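Undergrad: Chains as they are written, first to last, in this note's numbering: chain E, 6 to 443; chain L, 6 to 443; chain B, 6 to 443; chain C, 6 to 443.
Simulated from the structure, these hints should not be mistaken for laboratory data. Values in this document were obtained by computation on a predicted structure and should not be read as measured data. Backbone N, C-alpha and C fix where the C-beta goes; we use that ideal spot for every residue, glycine too. Treat the hints with caution; some may be incorrect.
For the chain B half of the interface with chain L, some residues (derived, Cβ under 10 Å), not all of them [to be verified]:
#1 F223
#2 G305
#3 T329
#4 G389
#5 L418
Below, in silico cross-link-like pairs of lysine to any residue (SDA-like), each with a Cα-Cα straight-line distance of 20 Å or less [unchecked claim]:
#6 B/K433 x C/G289
#7 B/K433 x B/P399
#8 E/K401 x E/H149
#9 B/K200 x C/P439
#10 E/K401 x E/N385
#11 C/K200 x B/K433
Protein chains: 4
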Amino acid sequence: RERLQENSKGCGEFCVKNINQAEFGRREIEIAEQEMPGLMALRKRAESEKPLSGAKITGCTHITAQAAVLIETLAALGATVRWCACNIYSTQNEVAAALAEAGFAIFAWKGESEEDFWWCIEQCICSNGFEANMILDDGGDATHLMFKKFPSIFKQIKGIVEESVTGVHRLYQLSKTGKLTIPAMNVNDSVTKTKFDTLYSCRESILDALKRTTDVMFAGKHVVVCGYGEVGKGCSAALKGLGAIVHVTEIDPICALQACMEGFRVVRLEEVIKYMDVIITCTGNKNVVTRQHLDRVKNGCIVCNMGHSNTEIDVASLRTPELTWERVRSQVDHIIWPDGKRIMLLAEGRLVNLSCSSVPSFVVSVTSTTQALALIELFNAPGGRYKQDVYLLPKKMDEYVASLHLPAFDAHLTELADSQARYLGLNKAGPFKPNYYR
Amino acid sequence: RERLQENSKGCGEFCVKNINQAEFGRREIEIAEQEMPGLMALRKRAESEKPLSGAKITGCTHITAQAAVLIETLAALGATVRWCACNIYSTQNEVAAALAEAGFAIFAWKGESEEDFWWCIEQCICSNGFEANMILDDGGDATHLMFKKFPSIFKQIKGIVEESVTGVHRLYQLSKTGKLTIPAMNVNDSVTKTKFDTLYSCRESILDALKRTTDVMFAGKHVVVCGYGEVGKGCSAALKGLGAIVHVTEIDPICALQACMEGFRVVRLEEVIKYMDVIITCTGNKNVVTRQHLDRVKNGCIVCNMGHSNTEIDVASLRTPELTWERVRSQVDHIIWPDGKRIMLLAEGRLVNLSCSSVPSFVVSVTSTTQALALIELFNAPGGRYKQDVYLLPKKMDEYVASLHLPAFDAHLTELADSQARYLGLNKAGPFKPNYYR
Amino acid sequence: RERLQENSKGCGEFCVKNINQAEFGRREIEIAEQEMPGLMALRKRAESEKPLSGAKITGCTHITAQAAVLIETLAALGATVRWCACNIYSTQNEVAAALAEAGFAIFAWKGESEEDFWWCIEQCICSNGFEANMILDDGGDATHLMFKKFPSIFKQIKGIVEESVTGVHRLYQLSKTGKLTIPAMNVNDSVTKTKFDTLYSCRESILDALKRTTDVMFAGKHVVVCGYGEVGKGCSAALKGLGAIVHVTEIDPICALQACMEGFRVVRLEEVIKYMDVIITCTGNKNVVTRQHLDRVKNGCIVCNMGHSNTEIDVASLRTPELTWERVRSQVDHIIWPDGKRIMLLAEGRLVNLSCSSVPSFVVSVTSTTQALALIELFNAPGGRYKQDVYLLPKKMDEYVASLHLPAFDAHLTELADSQARYLGLNKAGPFKPNYYR
Amino acid sequence: RERLQENSKGCGEFCVKNINQAEFGRREIEIAEQEMPGLMALRKRAESEKPLSGAKITGCTHITAQAAVLIETLAALGATVRWCACNIYSTQNEVAAALAEAGFAIFAWKGESEEDFWWCIEQCICSNGFEANMILDDGGDATHLMFKKFPSIFKQIKGIVEESVTGVHRLYQLSKTGKLTIPAMNVNDSVTKTKFDTLYSCRESILDALKRTTDVMFAGKHVVVCGYGEVGKGCSAALKGLGAIVHVTEIDPICALQACMEGFRVVRLEEVIKYMDVIITCTGNKNVVTRQHLDRVKNGCIVCNMGHSNTEIDVASLRTPELTWERVRSQVDHIIWPDGKRIMLLAEGRLVNLSCSSVPSFVVSVTSTTQALALIELFNAPGGRYKQDVYLLPKKMDEYVASLHLPAFDAHLTELADSQARYLGLNKAGPFKPNYYR
Ligand SMILES: NC(=O)c1ccc[n+]([C@@H]2O[C@H](COP(=O)([O-])OP(=O)(O)OC[C@H]3O[C@@H](n4cnc5c(N)ncnc54)[C@H](O)[C@@H]3O)[C@@H](O)[C@H]2O)c1
Ligand SMILES: NC(=O)c1ccc[n+]([C@@H]2O[C@H](COP(=O)([O-])OP(=O)(O)OC[C@H]3O[C@@H](n4cnc5c(N)ncnc54)[C@H](O)[C@@H]3O)[C@@H](O)[C@H]2O)c1
Ligand SMILES: NC(=O)c1ccc[n+]([C@@H]2O[C@H](COP(=O)([O-])OP(=O)(O)OC[C@H]3O[C@@H](n4cnc5c(N)ncnc54)[C@H](O)[C@@H]3O)[C@@H](O)[C@H]2O)c1
Ligand SMILES: NC(=O)c1ccc[n+]([C@@H]2O[C@H](COP(=O)([O-])OP(=O)(O)OC[C@H]3O[C@@H](n4cnc5c(N)ncnc54)[C@H](O)[C@@H]3O)[C@@H](O)[C@H]2O)c1
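Please work from the sequences and hints to get the whole structure.
TA: Rendered as structure tokens:
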């Protein structure tokens, strides 16, 4: 943070680990671009219009190649942006370097301290003549800091776009208590997020995460998936497809019944735990797998988390003197019981797919395009369209996002005939479904 | 209708085809009971409480063994019921006979005339000292008749429960124009209907319907499914599972993108039609398959409809002199072009799974239990809870319905720990999700 | 048998149930032709050459629409045929009528007596001036009768083609004891039979057989499949595809390990029997499901056989006074224990797919074409190519059979480049694999 | 090779890269042991009997953790072994170190020269007082060298066990020309190799190989798999399971028809190549994907080989001046056409799963156990059981190998009743199938 760096054009308005990694980062960004057709389509459109010209965006997200594609798209759409990380571990330093090299005001590196973290956000809210008029947030920390420390800026921004469960939750709290003075878009609950990004990114990445860390064979393995929401559905389907025998735990009878209909056995964890080869948590809850459970698992069991934070598995309870931790590979710890039993804990209980695999850019593109459109919508909406509340993106925009991703599959939409549109009471250009349709 | 019949107890308060078929009908009802655990659980509960005692229900639905289980459950819950058919073709005469034999006031037979149809409904609204105070409707005809012809009764009923797209549509119309003077429950859009009944009943029955009529082999067949909503998803999954190559047509980019992610090719019908072995419509739209399309299909192509009515396939356009119709089996017509080309039209374009296969009782049980609970809720709700509007069943009841069906799979729900419930901000007994969660 | 009938051309050289059903039978044959491309291709070829001209064939198989297509193909290839049934129950009378009407010497009806059965075969061996010089057999009964009763004819025939396990077994016995004086073709163990006909006909028909008889929902059902050979593999795959939870029993560790790798639990029947919803036998063995097992199944369990004969399930043990049999639908018996428990036995334990569903014509076409080619090969082989032994069809002919069925899928084969053929040491026209490749 | 190293016990009878990596290698071996139940079971059995005591084995295979488990098992069974690599690239140096540290005479390192390669093998045939009496070979090089250079040793050895296509091919050549003076076991064509190892190792590893190198999303991708043998079947099934649209090319109509029945489109490469996102070769043939093909693929297409050698894709044709090669990640080259089009070539056309992923130890265990049993069989067989020929392992041993792997799945075999064994004409202990059953 102290050490000053400059990019090749002599600009130093950023703070990254090592500007020299820029070239490698640029390569990764280019690879991601290939698989993010929605954002690339927006850029094309930006050639003629600049719908975000005048927007000054504080961005606070994971800094990955995919985020870089979003950032550069926002810039192409006319926005001025400053960007920081929403997590102290997740920054890909080479990507941050590439962005800095390209002239972006990036403040992020892997392994920030708590203090660094807040300092970085602050740099992105108001600094060096920049004063944000929009926020793109993931987790709500940028929103929180602006709300607390820069209330006057907060009052004047045109809108917040928030992607995460937690961040959305915080917005609804603010709204309930009347403190939300500006409109916000909840991208987390859009159909493009729940039914694409979450489901498919997990279906693709769970296999990858397990293979890269443990080389485990899936065929015939007994797996228990805790929580059968979108994440759990994606994990279960992928594993079943490769011959694993999947069990599901649930608290919600509706999700439980869905699991039954797909051929998964719905069990309580304690009933099956001692036969399981793999345990995966995807609940968003805490202490779903406890020390008591782990005392009973069999030797060699793989334990990992695809859900919220590292409290789904009670990892803290494993840090006791009688258990020996042995790091056997990167992101893989053997935890050894006094009797010699070993479990394999992945990523220390943090999200295993984020730590140990890659999430497909295409799926991220869907969410990112939604975020970009949400920014455009809030920035350009005529006064009064949005009140001081939390909104979902209008259905029609969700449909637009989806349509931008169809050409990648060479998919051809059918057009409604006039008579059909009348029959269904629909506009030929959509929206084609009510807002709540999932 | 004129011919008077009496059941074995000497009661004649019904009008069915032939009371002597009662025994066979009873057998079918008993078989259905085995697979309808939700309704059977409500009956058990009814032993101690009679939540519908005092309710006088006009029922207007398809008369099947499954409906009979619902009817007898409502009676066990304390209700007085009179029942008629919502469709002039769909009554299973032997089931109607069995209900009549059991003392129910049933007015329905297969092949009613238009006039019979309305007469039957009338018998169930107010007749012989009975005056309805609730409606269970499927399609909105009973509601319509009562609204038009018996406005005073209509005003005083405690609520309407409606299952179908069409009926719900009519209710919303009434509501919009301020004419809906009583609360109504929309069961059609409940999660238990869309995500269970529709999806799984179609996944199970499409194969059955095609096999029973045509003995077609599925493996390697080129199939196009028009519409990738719940019905289309169910059909596509089943056919893919047996080795068919499935193509999808869609107007909605979101559903189209889902089809892509599941490995289906999204096409326009005209692009692929001449290579297809099977065409299935599931759109709820009209003229999705036109004469122009059918002029181009290949010899031997199977054409059928899983969607709304017999206008999805433009069957009328096939009734022209140059085409020869040949009935080759029950529900199967060969339509022969001048050059000798034949297509196989199933069920004359009406819903092929209803006409040519059976819908699994278990899946119906989920919806039927929802209907029963909706009646209980409306009948017992404290004044003011429901206004003159159309409601969805509260989430908690959906969850209750699901929970009644879990024991059939020997599924074991996990219970939230107190600390977990607090963490998630949930009540331990549910509801576990927001109302819009799908 | 006594009653003489004549077809419309005044010919009476046949014995069928009712010649008047011919038209309906003809329709079924025409439908089957659509799905039997291999045989139809042979017919086309027959226009120029008549490779079976001079052949006089005794045919003894199930008399179905599919068999009729084979019979008429053999005739088109130049053969004179006389045909009888290999099973007293399995004749489709309308098909037999259609063949008789077309001038074929058919001797078969549903429900023959034991004596009728042998009389019919005799009519097809030597009668009315006809003396067979080839046999197409299914089960070995025609072979047996000719061997025993017409030894002089037997000695002079040019070859036997046999399709069934049992018949092949009998041929190997004859061969071992030196009594087989003519060459025979074992079609049963050809790759086209084991890896297509058996596997795919069962994958398609198990679902159909269960649905038509019981309307059971597959999703979430606990099923045990006894025997994981080709039949078991087909059944398991189909059921898993629709969401059933499939368990497998096996005696052979290799098949058991395959089941594990596909995600099926390998269990002993007694371990799981009381939780099962459906039990399917496919072992070719006897007493696989015993009375002791059935005493322990749960109420409503469906029990059926896809394997050899009605001894796989020990049906005899259920015919005891304390159990009540109740026929609830065609081919479905409820067997009721003293405590009220019911099991549903399908087809009285005989092959459920043959009794209660249809086997896809396409799959049968593969085997039938193999049979026709085997006849051609034996009839035209230069003296000395085949000794007095049991042979498998040469690989190249298997490949030819397969190639005749590819156009139905619009499948396009790749041709080896000369340099590739040399590299692999193959002839460009095949055979492409060693004889034992499966 | 010149630099002398000693392990911690002062022994120097080995030649590896760096003995100090032993500890890390040992860890990998221990992890592999967990997943190789067949070999571990043999070790247990070895505690009482030493069936290989007296055997002196020349081993020549890939040196991986899995091979190490085999080597240490052979030692535990009583054998003296000396081991070298069958490929100059594939040695895992740390594993070789661990084996050397454990006292084994290992001669192998990654990146041997051609001369090193043959020198290493020689060290393992006869050196330092050791004279082999058995060979375990993979590719036939050890056999070849011994045959050529040490004919007197060759004549006296008790048997050869060979795993690879190539090696087996060479043995059959020797045998045909009468030069094979000792018995050899062909493990390559055993059912445990073709139906487990090949099929399942590819089903598991193709996904992994593609993800680790390219992070590609599978859903909706157009993939063409060239060759639908065991490797192709495994690849196709895995990709279809994750939502890819799979096309197949074949020269053999039988395999082509199987592909059709599983729902894959059978095409010629040139028909589809310009729409493909991923191309995978699995033919064992050469020049299956040519420069002409690659000139027509679309931008971003991934090209890789799962088959035999790096000639399936004509990689040589890509090394021309007008194309630019750019290494973007380890094992990933972008090849750039003059117009900017890029293809992604993986592992330079060598086997992508061996280069870029891990093959599951469990599957390898099946083959390795077969190899160990083949050695035991040949070493202990009474004189005369095996002639100077190439043999397949007796069925019963295949079954034994399978049975050793069932406990890992907690699978429970059923035992034949005496009466059933009689009925089937089988011995209760197996073999349960004829030798050719696949
Ligand atoms: N790994 C990733 O890439 C990724 C992607 C998206 C979301 N997430 C995270 O994964 C979690 C789940 O997301 P989702 O979209 O599936 O949510 P969801 O709400 O759809 O599903 C979670 C499910 O877990 C169930 N559950 C809660 N507590 C449980 C318990 N104690 N035992 C069993 N089941 C329990 C709930 O009933 C619910 O059905 C969230 O924390 C989310 O932030 C991770
Ligand atoms: N057969 C049954 O048992 C059964 C069961 C439930 C519902 N249905 C009926 O099936 C129909 C579909 O129900 P659903 O729940 O799937 O509805 P849905 O709205 O979820 O799906 C219908 C889909 O069809 C698409 N569509 C509309 N017009 C189209 C066109 N011209 N070409 C291509 N796609 C088009 C829509 O975009 C939509 O995604 C309804 O009419 C419903 O009443 C039948
Ligand atoms: N229904 C049909 O349409 C149809 C079609 C083809 C074959 N068949 C019949 O089905 C049977 C099986 O044929 P297949 O080709 O699968 O044979 P197969 O030999 O490949 O498979 C039978 C399997 O059953 C196993 N088995 C034997 N006894 C057992 C027992 N007591 N418990 C558990 N498993 C046991 C065997 O080990 C074997 O793996 C045969 O009798 C055959 O005639 C039926
Ligand atoms: N990657 C691995 O881990 C692995 C594992 C086992 C085997 N292999 C190798 O993979 C190759 C295939 O092995 P297999 O067991 O599947 O063999 P196989 O003989 O069963 O299958 C190869 C298939 O390719 C087809 N084929 C040949 N030339 C073709 C062409 N020009 N176009 C299209 N199809 C063509 C053949 O007809 C055959 O069906 C072999 O070279 C083998 O050594 C690789």
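Undergrad: The structure should be examined with respect to each hint, and the outcome stated for every one.
TA: Against the structure, the hints come out as follows:
1. Hint status for B/F223: holds, given a least beta-carbon distance of 6 Å to chain L, under 10 Å.
2. For B/G305, the interface hint holds, the least distance from its beta-carbon to any beta-carbon of chain L being 5 Å, beneath 10 Å.
3. Restraint check, B/T329 versus chain L: the minimum CB separation of about 14 Å is more than 10 Å; hint violated.
4. Annotation: B/G389 was flagged as interfacial toward chain L, and the flag is violated, the nearest CB pair being 41 Å apart, outside 10 Å.
5. Taking 10 Å as the C-beta contact cut-off toward chain L, the hint placing B/L418 at the interface is violated, the least distance being around 15 Å.
6. Between B/K433 and C/G289, the direct Cα distance comes to roughly 16 Å. Compliance with the 20 Å bound is thereby established for this hinted pair.
7. For a cut-off of 20 Å, the pair hint linking B/K433 to B/P399 stands: about 16 Å separates their Cα positions.
8. For the hint pairing E/K401 with E/H149, the CA-to-CA distance comes to about 30 Å; that exceeds 20 Å, so the pair is violated.
9. Restraint check for B/K200 and C/P439: the C-alpha separation of about 16 Å stays at or below 20 Å, so the hint holds.
10. At most 20 Å may separate the alpha-carbon atoms for a hinted pair to count; E/K401 and E/N385 meet this at roughly 16 Å.
11. Annotation: proposed proximity of C/K200 to B/K433 is violated, straight-line Cα distance about 27 Å (limit 20 Å).
Hints 3, 4, 5, 8 and 11 from the earlier list are contradicted by this structure; the remaining hints agree with it.
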